[in-house]
Amino acid sequence: MRRLRLPAVLLAILAAAAGVWPLAAQNQNQQPEIELVIGGDGNSPPHYAVPDFLAASPEAAEIASTISQVLWDDLAFEREFDLIPRDIYKTIPAAQSPEQVPFAQWREIGADGVFFGTVQKSGDKVVVQVRLFNVRTRQQVFSKEYNGTAANPRLYAHTISDEVHLQQRALKGVARTKLSFVSDRNKERLLGPIENRDVKEIYVSDYDGANQRRITTTRQLNLNPSWSPDGRALAYSSYRNITPQIFISLIYQGVLENPTKSPTVSNMMPVFSPDGSKIAFVTNRDGNTEIYVMNRDGSGVRRLTNHPAYEATPTWSPNGQQIAFTSDRTGKAQVYIMNAADGSNVRRLTVGESEADRATWSPAPFNEIAYSGRSSANGFDIKILELATGTVRQITFGEGSNESPAYSPNGKHLAFTSTRAGGRQVFTIGRDGRGLKQVTRSGNNQTPAWSQ
Amino acid sequence: MSSRGLGIALTILCVVVAPACNRRKPNTIPQPAPPPVEAPPSTTTTPPPAPPRGPERVEDRQPVAGLTEEGIDSRSLDELNRNSPLKPAFFPLNESDLDDAGRSVVTGNVEILKKNAWVVTIEGHCDERGTAEYNLALGERRAAAVKNYMVSLGIAPDRLRTVSYGKEFPFDQGHSEDSWSKNRRAHFVITSK
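Residue numbers (my numbering), protein chains in the order written: chain A, 1 to 452; chain B, 1 to 193.
The set of hints was computed from the structure by calculation and includes no laboratory data.
Among the hints, a few may not be true.
Simulated pairs of lysine to aspartate or glutamate, EDC-like, Cα-Cα distance not exceeding 20 Å [unchecked claim]:
{"id": "1", "chain 1": "A", "residue 1": "K187", "chain 2": "B", "residue 2": "E95"}
{"id": "2", "chain 1": "A", "residue 1": "K332", "chain 2": "B", "residue 2": "E95"}
{"id": "3", "chain 1": "A", "residue 1": "K90", "chain 2": "A", "residue 2": "E108"}
{"id": "4", "chain 1": "A", "residue 1": "K172", "chain 2": "A", "residue 2": "E188"}
{"id": "5", "chain 1": "A", "residue 1": "K437", "chain 2": "A", "residue 2": "E108"}
{"id": "6", "chain 1": "B", "residue 1": "K193", "chain 2": "B", "residue 2": "E95"}
{"id": "7", "chain 1": "A", "residue 1": "K332", "chain 2": "B", "residue 2": "D172"}
{"id": "8", "chain 1": "B", "residue 1": "K182", "chain 2": "B", "residue 2": "E111"}
Partial chain B-side listing against chain A, Cβ under 8 Å, derived [to be verified]:
{"id": "9", "residue": "W118"}
{"id": "10", "residue": "T121"}
{"id": "11", "residue": "R129"}
{"id": "12", "residue": "A132"}
{"id": "13", "residue": "E133"}
{"id": "14", "residue": "Y134"}
{"id": "15", "residue": "R159"}
{"id": "16", "residue": "V163"}
{"id": "17", "residue": "E168"}
{"id": "18", "residue": "F169"}
{"id": "19", "residue": "S181"}
From the three backbone atoms N, C-alpha and C, an ideal C-beta is built for every residue, glycine too.
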């Protein structure tokens, strides 16, 4: 599916974007399709090597080293390529120019693709050039130059990784995506005279846990962040006025919006619709916890569920037509589905669980729903229900309690909360249950949301 | 790890300090009010143990409610809540209905509220064994059950607000039934006098 031979036209566009247009144009005369995609041996994914980028001056050395290490990590994360460990090729002499790449030596250690990159730094200005070579054909398949500042060298690597995944695998990589989560790491006392409570604030980090930053400074409880589809806003519930209210932080502008204006009832668990125009949320304004939808500015409030039981944790289908949610109308929490327009056509999705909560709908091309299923008296595991077949697979197995799954925008990964490392921490894992990574380590961290 | 240790230590401190405070307070009304160093909570999480005050008689005899009405009135809301005459009510696992013990605690709180025109927030809390999300619902039900019971005993509904904190603010940081049973609770906060 993702490993397609791209049609010539698309390839030409990609090639132009990648700055290798002359090569593509030349080859196009000879063959109908151009092999810009580096293959592996047989069915195994291609092996990539990321040697240190060349620093044009000593002051560029640190940036060059960061970029090459982070690029290796980014490329390894998607598991589309087999990344050869960097210490294996420490002995291969660094090429001083693209013409000097020692292809024979790279071939010897089994590399199918090898990068060559340079970093120049003058003052705060940084120029990064990067090329990817097919080791077998010795052809350059990707070439790009980036200009920017020295503020965040990791971003160059993330950008390269995303563009290489797009060109080589037609995959939307996650290297430039972000996570948001709730953390009590500040150990600040909650305002007010109440017991011994640490505040919980909303944080944001890169997908790999780097650059963790605090977003809210309310000295209160803040819960369940959710990204707007454009990645520029976070909706969450905040207890700054005793009962939880929904707030939207436009994180790059420093603007705060408060779409729910019913301070005496609770409004929580906001989730943006896929087109960003609406927010599904949970409120007890009519006496019982139910799911509602409103426009992003708080207008047009509409009730979707109407049942004496508990209805909460809504999640939108990728086309915005349906909403999955939790209800305990049978006595225990289970996941249900309904039409997003009017709450009609309710049916139960989880049938083999004693308890299931916090459904999260995958993005296309996958059509599945991840949730927390009770696996013991004290804990939960992350499970995934394939909607077409109804089959369920489990991706965590009783190491701590595992809750609150959230999909990456390409659907290949999930972030979740786990107690496996002591306290509550945020982890990421592949949708196949492989590639577990711990994202947070400071304080307790919970309920991650993954940006586009 | 260390934070949990700290939590446990503080809990122990609370347990040790609280009864002593309760015992002492009623009979020491003429004492100068503690200096208002209550600048919004700093890093200290419990009021530090009082410095030695020289010979002080600790009396065993005390009123059941623990506080005279004058004693209550002369104190700030913060101080009032710190040694609240309103006791928490505890719930069985997964239950949002009050059992006999819970009803009796709430009845006691209702008696106090009948003598004091306070507005109170009822917080619903849960132990850590449900999901974070579902516990927000369970806590809401607990708070609502307590409110309904108090209204049935004659407290005006507009004096009672409810809020659920799910499992976000455990009273006891431990991971055993002993801790869990302390965390499944309705906690009362006096929000105005």
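Earlier hints that do not hold, by number: 1, 4, 5, 6, 7, 8, 9, 15 and 19
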